[in-house]
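Chemist: As they're listed, the protein sequences go chains A and B.
Quick note, the first sequence lines up with residues 0 to 515 if you use numbering that gives the first Met the number 0.
Quick note, the second sequence lines up with residues 0 to 108 if you use numbering that gives the first Met the number 0.
Hints in this document: simulated from the structure, not taken from any laboratory.
Everything numeric in this text was worked out from a predicted model, so none of it was measured.
Ideal Cβ positions, reconstructed from N, Cα and C, are used throughout, including at glycine.
Hints may contain errors.
What the hints assert, rightly or not - Pairs of lysine to any residue, SDA-like flavour, derived with a Cα cap of 20 Å:
1. Lys322/A x Leu106/B
2. Lys219/A x His61/B
3. Lys219/A x Arg65/B
Stated by the list, open to error - Computed list of chain A residues with no C-beta within reach of chain B, every gap over 12 Å:
4. Phe15
5. Val18
6. Thr90
7. Arg100
8. Pro250
Stated by the list, open to error - Computed beta-carbon distance windows for the label pairs:
9. Met32/B x Ile449/A: 39 to 47 Å
10. Val18/A x Asp63/B: 28 to 36 Å
11. Ile233/A x His14/B: 12 to 20 Å
12. Lys128/A x His14/B: 54 to 62 Å
13. Ala512/A x Asn35/B: 45 to 53 Å
14. Phe502/A x Met32/B: 52 to 60 Å
15. Val78/A x Asn99/B: 46 to 54 Å
16. Phe92/B x Ala512/A: 47 to 55 Å
One letter stands for each residue in the lines below.
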Amino acid sequence: MTFDTSDLVASLPLLFLTVAGIVLLLLDAFSRVVLVGREHHLKLPAETSEAVAVPPPGSRNYLMPVTLLFLLGALAIIVWQVGTLPETSVTIYRGMLVVDRFGLFVIGVCVAAAALGIVSAPAYMRAHKMEFGEFYALVVFALCGMIILVQAADLVSVFLGIETMSLGAYVLTGSWRRSARSSEAAMKYFLVGAFVSGLLVYGIALIYGVTETTSLIDIKRIAMSRGAAPLFYIGWMLLLVGFAFKLGVVPFHMWAPDTYDGAPTPVSGFMMSCIKAAGFAGLIRLLQGTLPMLARDPFTGWTFVLSWLAVLSMSLGNLAAIKQDNIKRMLAYSSISHAGYLMVGVVALGTVGDAARGPLLFYLASYALTVVASMGVVSWVGCDERGEERVRLSDWAGLGKREPMAALLMTIALLSLGGFPPTAGFFGKFYLFQAALGESKLLWLILVAIANSLVSVYYYLRVITAMYFREPAPNPATLPIQSTAMKVGVLVSTLLVLAMGMFPGWLSALCAAAKF
Amino acid sequence: MQLLVQNLLSVGLHHYLILAVVLFGIGTFGVFMRRNALTTLMSIELILNGGNLTLLAFARSHQDMRGQALALLVIAVAAAEAAIGLAIVVGVFRNRHNTNIDELNLLRY
Numbered sequence: 000m001t002f003d004t005s006d007l008v009a010s011l012p013l014l015f016l017t018v019a020g021i022v023l024l025l026l027d028a029f030s031r032v033v034l035v036g037r038e039h040h041l042k043l044p045a046e047t048s049e050a051v052a053v054p055p056p057g058s059r060n061y062l063m064p065v066t067l068l069f070l071l072g073a074l075a076i077i078v079w080q081v082g083t084l085p086e087t088s089v090t091i092y093r094g095m096l097v098v099d100r101f102g103l104f105v106i107g108v109c110v111a112a113a114a115l116g117i118v119s120a121p122a123y124m125r126a127h128k129m130e131f132g133e134f135y136a137l138v139v140f141a142l143c144g145m146i147i148l149v150q151a152a153d154l155v156s157v158f159l160g161i162e163t164m165s166l167g168a169y170v171l172t173g174s175w176r177r178s179a180r181s182s183e184a185a186m187k188y189f190l191v192g193a194f195v196s197g198l199l200v201y202g203i204a205l206i207y208g209v210t211e212t213t214s215l216i217d218i219k220r221i222a223m224s225r226g227a228a229p230l231f232y233i234g235w236m237l238l239l240v241g242f243a244f245k246l247g248v249v250p251f252h253m254w255a256p257d258t259y260d261g262a263p264t265p266v267s268g269f270m271m272s273c274i275k276a277a278g279f280a281g282l283i284r285l286l287q288g289t290l291p292m293l294a295r296d297p298f299t300g301w302t303f304v305l306s307w308l309a310v311l312s313m314s315l316g317n318l319a320a321i322k323q324d325n326i327k328r329m330l331a332y333s334s335i336s337h338a339g340y341l342m343v344g345v346v347a348l349g350t351v352g353d354a355a356r357g358p359l360l361f362y363l364a365s366y367a368l369t370v371v372a373s374m375g376v377v378s379w380v381g382c383d384e385r386g387e388e389r390v391r392l393s394d395w396a397g398l399g400k401r402e403p404m405a406a407l408l409m410t411i412a413l414l415s416l417g418g419f420p421p422t423a424g425f426f427g428k429f430y431l432f433q434a435a436l437g438e439s440k441l442l443w444l445i446l447v448a449i450a451n452s453l454v455s456v457y458y459y460l461r462v463i464t465a466m467y468f469r470e471p472a473p474n475p476a477t478l479p480i481q482s483t484a485m486k487v488g489v490l491v492s493t494l495l496v497l498a499m500g501m502f503p504g505w506l507s508a509l510c511a512a513a514k515f
Numbered sequence: 000m001q002l003l004v005q006n007l008l009s010v011g012l013h014h015y016l017i018l019a020v021v022l023f024g025i026g027t028f029g030v031f032m033r034r035n036a037l038t039t040l041m042s043i044e045l046i047l048n049g050g051n052l053t054l055l056a057f058a059r060s061h062q063d064m065r066g067q068a069l070a071l072l073v074i075a076v077a078a079a080e081a082a083i084g085l086a087i088v089v090g091v092f093r094n095r096h097n098t099n100i101d102e103l104n105l106l107r108y
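Starting from the given sequences, assemble the full structure and let the hints guide the process.
Modeler: Have a look at this one:
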């Protein structure tokens with residue numbers, strides 16, 4: 000057994016971020032703490048020790064810039080790798096991971112979205128009194144999981160990637176320890192996620208049993224040559240259900256609104272953008288490898304199942320979002336319906352073929368950035384004097400007068416989510432539906448998607464009207480968070496959303512070049 | 000009697016697979032039916048063990064080490080998951096003094 004050092008170079012983003020995560024963890028562990036007695040922590044039950052070590056307020060402020068530097072470094076490595084990549088994809092670590100432009104593109108989107116998301120974390124944590132130093136290390140570790148998932152060339156690495164990503168996300172969701180909502184969200188997410196990992200293990204075991212291999216390429220070859228056994232289909236169905244759970248696709252979405260609503264806002268943004276992007280990329284890899292018999296006819300086979308998942312997801316997500324008075328929860332339901340649009344893209348990938356891959360990636364990138372921008376504004380709007388989030392529509396009334404910048408940026412983000420020109424969301428939908436039209440039998444699916452995006456305009460516009468045309472409550476208890484880093488982060492992501500909408504050419508060329 | 004002994008002596012692939020399905024089924028039943036978070040965690044462990052047993056049985060019958068290696072990986076991941084799960088249960092308990100899943104109702108429509 001030989002060990003090839005070129006593998007290390009090829010997996011440099013992963014190694015770099017792993018080291019970064021460990022460094023961040025150690026920095027946090029060796030930062031200053033103070034001991035406080037039990038009377039300062041009434042929330043803690045009596046059985047914990049008399050004095051607990053807590054970080055003094057603001058002592059972890061330097062962690063965010065350090066993390067940002069690490070993420071920018073990772074981004075630089077990814078850009079460098081794209082430049083030096085050979086035309087064909089390279090498998091590394093004895094067929095465990097594959098390095099190609101598709102994977103590097105999605106990783107780049109995830110790292111960029113995470114970088115734009117974490118800048119709002121310090122101010123948010125300070126305002127809500129949840130200084131939590133491991134936050135950044137966990138974000139970086141979750142990103143490592145995403146890299147493994149996105150570059151997976153083997154069912155083993157698919158499983159390992161999903162688990163690494165999710166374990167980070169569970170802790171992040173529950174990281175606001177004093178908040179009963181946050182720990183409840185973590186509990187719901189964790190129970191569903193752990194159940195899903197059971198489904199994944201069982202599914203992988205069945206596929207392994209039938210094909211005698213776990214490598215995606217070998218599975219494809221064997222399934223093509225011998226045809227598939229019923230156990231193979233059962234295994235594949237379990238994997239599909241597992242992914243549908245992770246992506247929050249109806250009817251496997253129950254956890255999603257609660258989790259995104261209860262988690263700290265920067266974490267919700269991170270999960271909605273990065274985990275969704277990485278999960279869809281992993282699903283596409285899986286479909287590529289394990290499902291060569293993916294019927295090209297949209298009325299039979301797996302594309303049929305996936306297209307119904309898409310329809311359900313879009314419609315139910317939208318219907319539930321209409322009723323919401325809580326903006327964070329509304330965005331959570333909207334992310335379910337966006338998972339539906341992305342599923343349309345996956346169906347198109349199965350029927351139209353490679354032509355749909357570029358548009359799908361464009362949609363992933365535009366959605367990830369838009370979500371980061373909108374969640375940044377939700378953090379920005381701040382909290383009341385008890386540290387509770389202000390996410391009701393009534394709290395946002397008159398935001399256009401009180402915080403004109405926040406209202407303007409939120410308007411752009413919401414327009415992008417609704418698919419208005421000249422924002423990224425418009426071109427995301429436009430390219431996606433155009434690519435799906437390559438197969439005329441998908442017309443019904445596209446009509447459903449268009450009808451759904453028209454419906455969704457209603458609840459996005461409702462927020463905009465509340466911000467600009469409703470009078471604020473006479474004595475608003477809202478304390479907007481004043482943080483330059485947060486404002487710059489939201490501004491940059493919104494500008495990117497606008498740039499992608501006004502000059503979509505560069506990104507769509509990049510997406511089209513992101514081959515397997 | 001002799002038939003029974005013979006059957007017991009010739010435990011084959013299918014016996015393991017059926018046992019794994021049973022474990023998986025019990026686990027799934029537990030996840031959906033039991034209301035205590037800790038019991039749900041244990042049920043999830045059963046599901047993972049069902050998956051592991053399937054992997055090992057197939058690895059044995061294929062004479063292939065990959066399944067064994069994957070089973071070890073799954074055990075490691077399950078341990079990490081259990082640690083985090085217990086931490087989350089403790090977190091919920093501190094806030095609510097209760098770990099009944101049905102009473103987790105702060106977040107709803």
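Chemist: Evaluate each hint against the coordinates.
Modeler: Hints and how they fare:
1. Restraint check for Lys322/A and Leu106/B: satisfied, since their Cα atoms lie roughly 15 Å apart, inside the 20 Å limit.
2. For the hint linking Lys219/A to His61/B, the alpha-carbon distance of about 19 Å falls within 20 Å, and the restraint holds.
3. Restraint check: the Cα-Cα separation between Lys219/A and Arg65/B comes to about 18 Å, which is no more than 20 Å; the hinted pair holds.
4. Taking the minimum C-beta to C-beta distance to chain B, about 22 Å, the non-interface status of Phe15/A holds against the 12 Å cut.
5. At the 12 Å boundary, the C-beta of Val18/A stays outside the reach of chain B, the nearest C-beta of that chain being 20 Å off.
6. Here Thr90/A stays apart from chain B, with its beta-carbon at least about 16 Å from theirs, past the 12 Å limit.
7. The Cβ of Arg100/A sits about 28 Å from the closest Cβ of chain B, beyond the 12 Å cut-off, so the non-interface label holds.
8. At roughly 14 Å from the closest C-beta of chain B, the C-beta of Pro250/A stays outside 12 Å, upholding its exclusion from the interface.
9. Range check, Met32/B to Ile449/A: about 42 Å between beta-carbon atoms, so the 39 to 47 Å window is met.
10. Taking 28 to 36 Å as the suggested C-beta distance range, the pair Val18/A and Asp63/B conforms, at roughly 34 Å.
11. At roughly 19 Å, the beta-carbon separation of Ile233/A and His14/B lies within the given 12 to 20 Å, and the hint holds.
12. Checking the proposed 54 to 62 Å range against Lys128/A and His14/B shows it holds: the Cβ atoms sit about 56 Å from each other.
13. Separation of Ala512/A from Asn35/B is about 52 Å and conforms to the stated range, judged on CB atoms against 45 to 53 Å.
14. For the hinted restraint 52 to 60 Å between Phe502/A and Met32/B, the CB-CB distance of approximately 55 Å keeps it satisfied.
15. Checked against the hint of 46 to 54 Å, the C-beta distance between Val78/A and Asn99/B comes to roughly 50 Å, which is consistent with it.
16. For the pair Phe92/B and Ala512/A, the beta carbons lie near 51 Å from each other, so the given range of 47 to 55 Å is met.
The structure shown violates none of the earlier numbered hints.
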